[in-house]
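S.K.: Okay, here's what each chain looks like letter by letter:
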Amino acid sequence: MKTATREKLVSAVFLAVALTSVAAVALICVFLFASGIPAVGEIGVFRFLLGREWSPTDVPPVFGILPMILGSLYVTAGAILFGVPVGVLTSVFMARMCRPRLYRVIKPALDLLAGIPSIVYGFFGLMVLVPLTREIFGGTGKSIFTASLLLGIMILPTIIGVSESALRSVPQSYYEGALALGASHTRAVYFTVLPAAKSGIFAGVILGIGRAIGETMAVIMVAGNQARAPTGVFKGVRTLTANIVMEMGYSEGLHREALIATGVVLFVFILIINVSFSLVKRRSKQ
Amino acid sequence: MKSRQRTKRKPLDLALAAVTYIAAGLTVAILLLLIGYVVIQGVPNLKLSMFSPRYTSENVSAFPAIVTTVELTLLSLIIAVPLGVCTAIYLTEYARRGNRVVGLIRITAETLSGIPSIVYGLFGMLFFVTALGWGFSLIAGALTLAIMILPLIMRTTEEALLSVPDSYREGSFGLGAGRLRTVFRIVLPAAVPGILSGVILAIGRIVGETAALIYTAGTAAEMPTLTGSARTLAVHMYTLSSEGLHTGEAYATAVILLVLVVGINALAAFSAKKLTRA
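So the protein sequences, as listed, match chains A and B. All residue numbers for the first sequence refer to our numbering, where the first residue is 13 and numbers rise by one. All residue numbers for the second sequence refer to our numbering, where the first residue is 3 and numbers rise by one.
Just so you know, these hints were derived from the structure itself, not from any lab. Do not take every clue at face value.
What the hints assert, rightly or not - Below, a list of computed lysine to any residue pairs in the SDA-like style, where the Cα atoms sit at most 25 Å apart: (1) K119(A) x I42(B); (2) K293(A) x G194(A); (3) K119(A) x L269(B); (4) K275(B) x Y115(A); (5) K293(A) x A97(B); (6) K293(A) x V103(B); (7) K12(B) x T198(A); (8) K210(A) x Q184(A); (9) K20(A) x V104(B); (10) K119(A) x V21(B); (11) K119(A) x I81(A); (12) K20(A) x R108(B); (13) K119(A) x Y23(B); (14) K20(A) x G178(B); (15) K247(A) x R64(A); (16) K20(A) x P191(B).
Take these sequences, add in the hints, and give me the full structure.
M.R.: What follows is the structure, given as structure tokens:
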């Protein structure tokens, strides 16, 4: 009887600790929304979300974050354009075309690519990709193109990792069936295994989108950060994340709250991405 | 007929294989380029003055940043590891299947792992720095990062606990041990390598983190105190490169960071190997 009550107590303690993550999410939501929403109310929802001008130091200040929303979307789309083809093809290589000995070299290399701090990526982008873009395409070199390229590289490990495990979880009988029907190895992989892993790969892409849209330090070093609607692929752009980091240091009052509201918009984007990720993952399991 | 089919098939096969190899080659080439470039530019800039105990605007010492990185890592782990491990124990050993609370915990953990670090930074600033009135401080940074790495520790520990065979638990119960004793004496020790690899991954994230720290731990280049502002190596590198005055030192800091990451990855691989052998 005594042990039974003790076990019950222990179980309750574990439950209480386990609720930390629930409390953390609740706190994050409460603090972000409570600090950001009033500013949105004051500025006006439409003028905030759809306003084309961001001039926080003007009198009176103007807070429109449409340029930053577009900036984040463009840069993320660009990253997908660069990262997904290379990532998916590399994952095919890793899962189906790679000799074990080579795999033992490439796998740690990819882990390393995933572990490199984003600030190092950003510095590399600033020192290598920016001058390169400037030489080839003109302009300042800090542009949507450069940021997309760098983000495309940064999301490679995410996409490769998820796609590879999706490809590996396709039953071997699919591949063998294709071979038995006369397909070559390459064809069997590309026309039966790859389509079967489709939704798993898609989940990886969504995860990559989440990474790209939330990336901060690397992007602000190569994107130029002009707070106006981008006019071209080789023009500078500011993302939602960059907007927060660049101005939070000296902002106060409504400006500061508007920056927190920028964070809320980013947070909502991420929540949407998370939900779609779990939906896709659930479907891929069935 | 047969030969026509073959000639039709071959170019496509070749093209697909070629594209695959090119993509894989490109991925590896990018990594080599990045590491090669940072090492070539950074190693000549590694000077002894970078490791002098005090930071001045002349020596741009990275030493306080190194100490801060170590302290911040330890602090965050001390907070997050017990929480994460206990949560995983609850989920795998205590909770009943189909329990609603379990679903809620899983969803929130998944949400946490998707939140970008700048949002953590904002939250840390609003909650620890402003609402609790701690100001930019090491402890505010450590707590922010602890929340950030919590889902990672949880997930890896859970996987490690699940991979412990049920026969261990049954044997322990059969010998008359209670659930608590079984968990701490039998299941947890068997899961240690897996938990360790999760901890090592978490260290990697802490070492590389910048955005969540700028507005929680701040950017002061002093030796760290618990309640004072301090910068880690990654933040140090960010301030150096955004000032644009000390490019050489920024490269050198990048080399230090790379060495750390390589070391951390090697450790993680080592403990994972131990896990599969066990």
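S.K.: Checked against the structure, which of the hints given earlier come out wrong?
M.R.: 2 and 11
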